[in-house]
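*Asks:* Residue numbers (the numbering used here), protein chains in the order written: chain Y, 1 to 328; chain S, 1 to 333.
It is worth saying that the hints were derived from the structure and are not from the lab.
Keep in mind it's a predicted model, so treat the numbers as computed, not measured.
Cβ-to-Cβ under 8 Å is the rule here; a few derived chain S residues that face chain Y:
id	residue
1	ASP191
2	THR193
3	SER262
4	SER267
5	ARG269
6	LEU273
7	ARG279
8	ILE332
Heads up, the beta-carbon is just placed ideally off N, CA and C, and yes, glycines get one too.
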Amino acid sequence: MSSIVEASDLCVHFPTAGGAETVKAVDGVSFSVTRGETFGVIGESGSGKSTLGRAVVCLLKPTAGGIKLDAADPYALSGAAFRRNRRDFQIVFQDPNAALNPRMRIRDSVREPLDILGEGTRAERNARAVAVLDRVGLRAEFAERYPHELSGGQKQRVNIARVLTLRPKLVVCDEVVAALDVSIQADMLNLFADLQREFGLTYLFITHDLGVVSHISDRIAVMYLGKFMELGAADDIAERPLHPYTEALLSAEPTPLPSHLRTGERIVLQGEIPSPISPPSGCRFRTRCPFAQDICAATEPDWREVEPGRFVACHFAGQVTTKGRKAS
Amino acid sequence: MVTADSPPLLDVRGLGIFFRTAAGEVQATRDVSFRLEAGERLGIVGESGCGKTVTGLSILGLLPRAQSRVVGAVHFEGRDLLSLSPRALRGVRGREISMIFQEPMSALDPVFTVGEQIAETLRVHRRMGRKEARERAVEALAQVGIPLPSRRVDEYPHQLSGGMRQRAMIAIALSCEPRILIADEPTTALDVTIQAQIIDLLVDLSARTGTALIFITHDLGVIAETCTRMLTMYAGEVVEDAPVDSALERPRHPYTSGLLRSIPRLSARKSLLPSIPGRVPSPADMPAGCRFRPRCAHGVAACAATQALLDVSDARRARCIRQAELDLPGAIA
Chain Y
1 MSSIVEASDL CVHFPTAGGA ETVKAVDGVS FSVTRGETFG VIGESGSGKS
51 TLGRAVVCLL KPTAGGIKLD AADPYALSGA AFRRNRRDFQ IVFQDPNAAL
101 NPRMRIRDSV REPLDILGEG TRAERNARAV AVLDRVGLRA EFAERYPHEL
151 SGGQKQRVNI ARVLTLRPKL VVCDEVVAAL DVSIQADMLN LFADLQREFG
201 LTYLFITHDL GVVSHISDRI AVMYLGKFME LGAADDIAER PLHPYTEALL
251 SAEPTPLPSH LRTGERIVLQ GEIPSPISPP SGCRFRTRCP FAQDICAATE
301 PDWREVEPGR FVACHFAGQV TTKGRKAS
Chain S
1 MVTADSPPLL DVRGLGIFFR TAAGEVQATR DVSFRLEAGE RLGIVGESGC
51 GKTVTGLSIL GLLPRAQSRV VGAVHFEGRD LLSLSPRALR GVRGREISMI
101 FQEPMSALDP VFTVGEQIAE TLRVHRRMGR KEARERAVEA LAQVGIPLPS
151 RRVDEYPHQL SGGMRQRAMI AIALSCEPRI LIADEPTTAL DVTIQAQIID
201 LLVDLSARTG TALIFITHDL GVIAETCTRM LTMYAGEVVE DAPVDSALER
251 PRHPYTSGLL RSIPRLSARK SLLPSIPGRV PSPADMPAGC RFRPRCAHGV
301 AACAATQALL DVSDARRARC IRQAELDLPG AIA
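Okay, chain S solo, but in the shape it has when bound (with noise of 0.2 Å):
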């Protein structure tokens, strides 16, 4: 884990991100803290609404400025990358720190071929000219596996299938070899074969580049075969940190657990799943003292006050009052 003479690739220190919206700002996650070491695949796991898809926006300082605020810091390198001017910030973005999202066909332009979308990457981040650029588009297009990759460089997105459009999302994004890749649910729009080739050749290229990924997503099974380690986030905060063996095997908070629980293939055939009572609160409503704790079936009174993220052992930390007395069913109960 992290050592005290070697800072973190990417230190992430009490993220709050908040929204103005008619009736008043909102606030979409709260005290977000999370550290990501060089090559380390890190995934982000909760439901539709819980802060997931912001956090990884609000890095890149993608979210739209006159709608939201960002407070707490992002270091990178030595640098808050939330406190850079928005020139600064375009020299990160594509080059050291690449995005990538679900649906393909919306991030890539229609009307320039594959080719020249990487060409164009490589051409403003690396200065390249544009025979050399398209000559190291080809080979981005056969590293993520394209077949016939000096056809498809002159291809349109519409001519691409969807696994192909992702592939070539991820050229893109890798085309300058940035040392950490978002993916925000790459796979989700993907057909379960097509997304088995898509995790492999994640893995496969941070494992060969050293790139690091933060892999946000609703399912647990990717980030099971993603992952090294996990960050569930519940209501817009980090509710438990883990590496994924032990979260899967031993999750430390009742909401990591209940999610693990209410997926069909872990329990017995027909019978009747445990699911989690309730929905994910509205950032305009949020409960007083732990998030969870309406839904929760473990719930005392020290649960009414505001939760601290605790730690369970080094490697490890989790929002839950009762960590260490709980025993948690996990994927085997």
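For reference, chain Y alone in the conformation it holds in the complex (with noise of 0.2 Å):
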């Protein structure tokens, strides 16, 4: 099995408005996506993974550290080579309405991809889109209308359509069904394991919905603050996590269980998120942790593999969780 994407000590940072300072918003992370699997990252409003999903695109490019797409650097392509290449990684957005152009029809938003490859007659590539519409559950009707007349479930399957268009090895689902009520996103969820199969995807799935990152994800990743505290496969993160930050997450995700079946009292972290800008010495998690030592303040745990497959950055992984969590 390969890697479609390989990131080692990816950087992204932003200058503030007056340029003084610096929004560390990924802030060294190393990773690689196994072709055809679910690659889940969850975290907080804050903790980058929108803007690490955004540079696995080349929507923004590192500011430090590299990524490699396909065992090759992009950013050392040619400018035409770049965009040939562009066209394997995609990107769906969280909030399906700002992403169509409200004065399109429905067809020629995904078609508009097509379009600007030029590929195929105008024709063909209006025959193309249709088709894909009508695999992502939307009848040829649908086409021809405009934004405002679908339902939000279905503008969403509008934008996973386009990106289909062009037949992308990876797509980046940053929140794709955050915006949709449970009963729609649960169809959701089900389309985007048929097209997995049946195209082949690769999923980076970027969300803050711990029940639906682990029923889709084959790995997940969890991010604090720019930096990842956690990896490993999904079962094991979510019934064995080992980082106290997953824990307290998994923990503070209201289950809908019957009192008596609800397992353990919950961890409520303390305070919010720091701001990336000047975040916390040593590990990042610290100020908020309940098992906060000397040491975490004053050294930056290392990003070390403790099982095979599983990373985790805590001076203490694994020793000091209260208790494990089963999945019901």
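Dock chain to chain to rebuild the complex, using the hints, since each chain is given by itself in its own frame.
*Replies:* Given below as structure tokens:
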């Protein structure tokens, strides 16, 4: 199995408005995404997960570290080759409304990526757009409509259709089901799974919803303030978290279970995520960590492989978690 | 539950909400009836467009009068809130019954400090003086867990984070110690760790002050952790009314069951999620008979008739003619 994305010590920093300070949105993450897998990224707002997603599809250029897509450094390619390769790496965003031009018919929006590439005749491109719409569950009549005539779930299907026209290898899904009602969300997650099987897609699935991420992912990375805290197989992360932040996140998620079946008490983290302009010294999570010791402020924990394929950045990984958590 | 000798704190009966649209009048809710006891925490759950928010707004007379019409009755302390004058209603709002919303930034006034906004409520309803109101505002901020309340009281909403703004909203809503707090998706815009803090805060305050909660949300997990009883709404009707644990364990309406089954957390990883086919009908195009029938896997001929909310037991009701015979999967299949 080969890697489709390889990030090494990837950083994306932004200057603040005055330029005096730096927002360290992504501040040194290393990982690889295997062809055909679903790689989930969870974290709170401000953890840098969307910035990471954008860096993977070259919408943002890394300020340090490197990224390889299909074993090639995209920024070493010529302009034409860069654009050619880019079609293989697509992104779908959270807000299905903002991603569609309200003045374009659905068919035209879906066809637009093909127009830009200039593939085939206009009639062929139209036929392909309609075929892809059909694949995501939208009948041909939807092709003639405008975005305001569609529901949120239908619009999100259109956004998926328009990246599928390009036959991408990898799709970054940035909170793609967050705006949808739960029954519509279930339909969409089923659709993502179908499309993955059919087209051999790889997903980088970004979400703040633990239920969603652990349902769809093969592996999960937990992000906090620009860094990964933990990375491992979805089952392991959900059932045996080794990092106190992962455990707190899992326990904060409200579970729709009768009271006698809810596991243990919640770990309610104090405070909020600190500013990415000046993250805490040492371990970034220490200011909210119930187990923080002196060493956590003094030394940044290494990103270490504690078990094959299981990475964690905590001085006390696995020693301090108060309980395991059984998935239902 | 309800005893004959003590009337409930809030008694909503046959609430029907109509909106005037260009295409004529449409009915957003029909025959919404429920009771709320003192100190109770009631969750109202359902998908977008099921009538949860308008039900909350109608209780406080917050629907636009020119474009809407409300029938039925909302009894609160011997009065029907629906028949009160705007002036009398202002005496209830914020004082006896308060409301908080999903987006605190659009509910807070950006040009006044948080303290001024809490003080305003106290000065209007409690006729407090400036100094006393300010002192009470600091206490209110402390009560909702805002650090350094004596400094925060002079800050403007934009200086606070999303979670702190929602705390400030709660502080305003609870400043007059209302009997009922209506919270409409108060944690939806927040991160899960902040949501956990707000849920704890609301449950704790409700237990300490005896304020009853109406918690409107689409998230059954939030209901499970916050409420004692839940009302499932579908297409403008109450389809199930039950204690939370019983509804989660054994729902009596196929819609409640469908909502529960479509939650990813409750299914095996990578498996096909059971979803509810179709979508919520629009108020202008309601199916006749049981409104859930076009999406229901259990329909029979009798579902073509309008369905009543049937008693399942003393504490439970369901709007399904087959409620007694169906064995519907809940949170645990």
